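> Sequence:
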Amino acid sequence: MSQDKQTILFLASWYPTPHNKNHGIFIRNHALALSKFTPVIVVYAYSTDTTVEFKITKNKQGNFEEWLLEYPKSTAPLISFFIKYLRFKKAYKLLLLELIKDNISVKAIQLNVIFPAALALPIFKDHYKVPYTIVEHWSGYLPEDGNYKSGIVKDATAKAIKGASKIYYVSEKQKQAMLGHGLTGNFELLYNVVDTDLFKENKSAKAKRPLLLHVSSLVEREKNISGTLRIIQKLQASNYDFDLLVIGGNTETVSHYTNEAKKLQLTNTTFVGERTPAQVATYMQQAHALILFSNYEGMPVVVLEALACGLPVFASKVGQLPNLITNYLGKLVDIGDEKALENNLKEFLDGKIKFSSEKMISFISENASQEIVGKKLADFYTVACS
1 MSQDKQTILF
11 LASWYPTPHN
21 KNHGIFIRNH
31 ALALSKFTPV
41 IVVYAYSTDT
51 TVEFKITKNK
61 QGNFEEWLLE
71 YPKSTAPLIS
81 FFIKYLRFKK
91 AYKLLLLELI
101 KDNISVKAIQ
111 LNVIFPAALA
121 LPIFKDHYKV
131 PYTIVEHWSG
141 YLPEDGNYKS
151 GIVKDATAKA
161 IKGASKIYYV
171 SEKQKQAMLG
181 HGLTGNFELL
191 YNVVDTDLFK
201 ENKSAKAKRP
211 LLLHVSSLVE
221 REKNISGTLR
231 IIQKLQASNY
241 DFDLLVIGGN
251 TETVSHYTNE
261 AKKLQLTNTT
271 FVGERTPAQV
281 ATYMQQAHAL
291 ILFSNYEGMP
301 VVVLEALACG
311 LPVFASKVGQ
321 LPNLITNYLG
331 KLVDIGDEKA
341 LENNLKEFLD
351 GKIKFSSEKM
361 ISFISENASQ
371 EIVGKKLADF
381 YTVACS
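Position 278 of the sequence shown, counted from 1, bears residue number 278 in my numbering, the numbering being contiguous throughout.
Hints are computed from structural coordinates only; laboratory data are not their basis. What you are looking at is a predicted structure, and each value in this text was computed from that prediction instead of being measured. Hints may contain errors.
Stated by the list, open to error - Distance windows between CB atoms, simulated: (1) Pro143 x Lys203: 53 to 63 Å; (2) Thr267 x Asp379: 33 to 43 Å; (3) Ile123 x Ser238: 50 to 60 Å; (4) Gln6 x Ser356: 38 to 48 Å; (5) Gly163 x Gln6: 13 to 23 Å; (6) Lys84 x Ser217: 19 to 29 Å; (7) Arg209 x Asn323: 32 to 42 Å; (8) Asp197 x Asp126: 31 to 41 Å; (9) Thr50 x Gln6: 31 to 41 Å; (10) Ser150 x Thr75: 16 to 26 Å.
As the list claims (entries may be wrong) - Keeping only pairs whose Cα atoms sit at most 30 Å apart, straight-line, the calculated DSSO-like set for lysine-lysine is: (11) Lys375 x Lys200; (12) Lys263 x Lys234; (13) Lys375 x Lys263; (14) Lys375 x Lys352; (15) Lys149 x Lys21; (16) Lys73 x Lys58; (17) Lys234 x Lys203; (18) Lys375 x Lys58.
Each residue gets a CB set at the ideal place from its N, CA and C atoms; glycine is no exception.
Work out the full structure, taking the sequences as your base and the hints as a guide.
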């Protein structure tokens, strides 16, 4: 990377790795968007069972670089926490030394998901002495999630928030929940990013039979897959002619829900497991609508990607969706209201409700494209670091 330009350093709590290719992919998307305007380096350390050393892998794509450090996972149960922490800190110290060795000039730091990366933030902040921002995606502050309770998490979060020049949030509910926990600061909404060169409408690719799509991690507590399958069962029993394709989940969850679908005697539902973004985009171009019947969310990237492909969204009133999905873009129901979602899907399959794919695509272009989001971040850093 050219050293005559200062770099924005991304410090991430979640990030895609060879072992988990979709984990925190929205953070990578933000980095790629910002790199259209200024150099970006992402540093991320993660532990695995497959390594016995601290090993750095670097990937470069124009102004964008990612430095991934893989280190050995602790297998000592009694003192596991302390070993995990020591190895975590060592990993990020090694990443800092690598930055220093390569003579990287850092303009600002962006902390992406506060915990646990906030534990490594002082390592970089104390050396570079530059301002830092936060982009928070975590839903743990929400009462529906309820995971903001650990003393370590609360302490690290409060310290990180206190010193941040800006805290970007991804849903109004998330912001209000953070304020409710006494976390105050310079808040601003930030859209997740859609690669509109990849996620775009292709009317000629549409499946002949109505195809409904669900894309998620298949985590029941959050995504309410069981509720979705019950709705599909009721639609099938009412003789509606359509298919449901479910993307995401690991081998265990895919197997579990495949069995659940069999118990419900669903003949039109297919689980395909994890897919690459390019494969997801292809499925979206074939589909007719996206279903996301979640119990809680932030700003689901999959919803933005679906809209970019001209897909209406049928979802719960979660996260930022009540402020995002208008009647031109989809239909929302109360959390857990299976009857309301069933009725909305019936109307859609009957052709009684129509949506504007042009307005969907325009909405994404104006709010969530790489150019729009990347420039927003770049403009802030230009002013804050001048």
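> Look at each hint and say if it fits the structure.
Against the structure, the hints:
In this structure, Pro143 and Lys203 break the distance hint of 53 to 63 Å, their C-beta atoms being roughly 42 Å apart. Restraint check, Thr267 to Asp379: a C-beta distance of roughly 52 Å breaks the suggested window 33 to 43 Å. Between Ile123 and Ser238 the CB atoms are about 58 Å apart, so this pair conforms to the stated range of 50 to 60 Å. Between Gln6 and Ser356 the CB atoms are about 43 Å apart, so this pair conforms to the stated range of 38 to 48 Å.
Against the hinted window of 13 to 23 Å, the Cβ-Cβ separation of Gly163 and Gln6 comes to about 20 Å, which satisfies the hint. In this structure, Lys84 and Ser217 meet the distance hint of 19 to 29 Å, their C-beta atoms being roughly 23 Å apart. Take Arg209 and Asn323: their Cβ atoms lie about 33 Å apart, and the range 32 to 42 Å holds. Restraint check, Asp197 to Asp126: a C-beta distance of roughly 39 Å satisfies the suggested window 31 to 41 Å.
For the pair Thr50 and Gln6, the beta carbons lie near 35 Å from each other, so the given range of 31 to 41 Å is met. The hinted window of 16 to 26 Å between Ser150 and Thr75 holds, with their beta carbons roughly 23 Å apart. About 21 Å separates the Cα atoms of Lys375 and Lys200, which keeps this hinted pair within 30 Å; it holds. For the hint linking Lys263 to Lys234, the alpha-carbon distance of about 14 Å falls within 30 Å, and the restraint holds.
Between Lys375 and Lys263 the alpha-carbon distance is near 49 Å, which puts this suggested pair outside the 30 Å criterion. Between Lys375 and Lys352, the direct Cα distance comes to roughly 40 Å. Violation of the 30 Å bound is thereby established for this hinted pair. Between the alpha carbons of Lys149 and Lys21 the distance comes to roughly 28 Å, so the proposed pair stays at or under 30 Å and holds. Proximity of Lys73 to Lys58 is assessed by CA-CA distance (about 21 Å); at most 30 Å being required, the pair is judged to hold.
Taking the CA atoms of Lys234 and Lys203, the gap is near 29 Å; set against the 30 Å cutoff, the hint holds. Our distance criterion of 30 Å between C-alpha atoms is met by Lys375 and Lys58, whose separation comes to about 25 Å.
In terms of the numbered hints stated before, the structure departs from hints 1, 2, 13, 14, listed from lowest to highest.
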